[in-house]
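Colleague: Sequence:
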Amino acid sequence: MTTTLAAAGLFLAAACGSTPPPTTGASGSPDDTATAPANSAQVTTPAAPAAGRPSPTRPKGPTVNPRKVRWQKVRPSKDGRRLTVIWWSGVEPCSVLDRVGVRETAKRVTVTLYEGQARGAEDVACIEIAVQKSTTVKLNKPLGHRKIIDGAKP
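Here UniProt numbering is used: the first residue of the sequence shown is 1, the next is one more, and so on.
Heads up, none of these hints are tricks.
Listed next, the in silico DMTMM-like pairs over lysine to aspartate or glutamate satisfying Cα-Cα at most 20 Å (straight line):
id, residue 1, residue 2
1, 73, 98
2, 141, 104
3, 68, 150
4, 147, 104
5, 78, 104
6, 138, 104
7, 68, 104
8, 68, 98
9, 153, 104
10, 141, 79
11, 147, 79
12, 138, 150
13, 107, 79
14, 138, 98
15, 153, 98
16, 60, 98
17, 73, 104
18, 60, 122
19, 107, 150
20, 138, 79
I should point out that these hints are in silico values taken from the structure, not numbers from a laboratory.
Turn these sequences into a full structure, and let the hints steer you where they fit.
Modeller: See below:
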């Protein structure tokens, strides 16, 4: 009895770990690739950014259900006319930069990031990993001594 159970366990382990046969299309040939139905979910993986650097991105709005997203840091350019905003996000097309709102006053520059899902990607499954992203915005006037505020913070 013990030998039979051990043999059955080994058989199941081998069957679960085996490589699946190649995908074939309608003709049954491995060269005839099968296609997924139009309504099936798609899986996307992110492109690998340079090690230790945020992945540069630009606004791609309009997106579906855009929402405010908090950023982690801002780096002003040497001349103070541009700000590079860095934040953590998810992978595209599930987390897409919709737009960047910039409101300038004499004492403050408020930067608000908006992210949403790409249009047409409602049936896409994205892996759940964090991606550090960056985007650059131009200011109407040099930053000077103005304070930079995250518009997504309450």
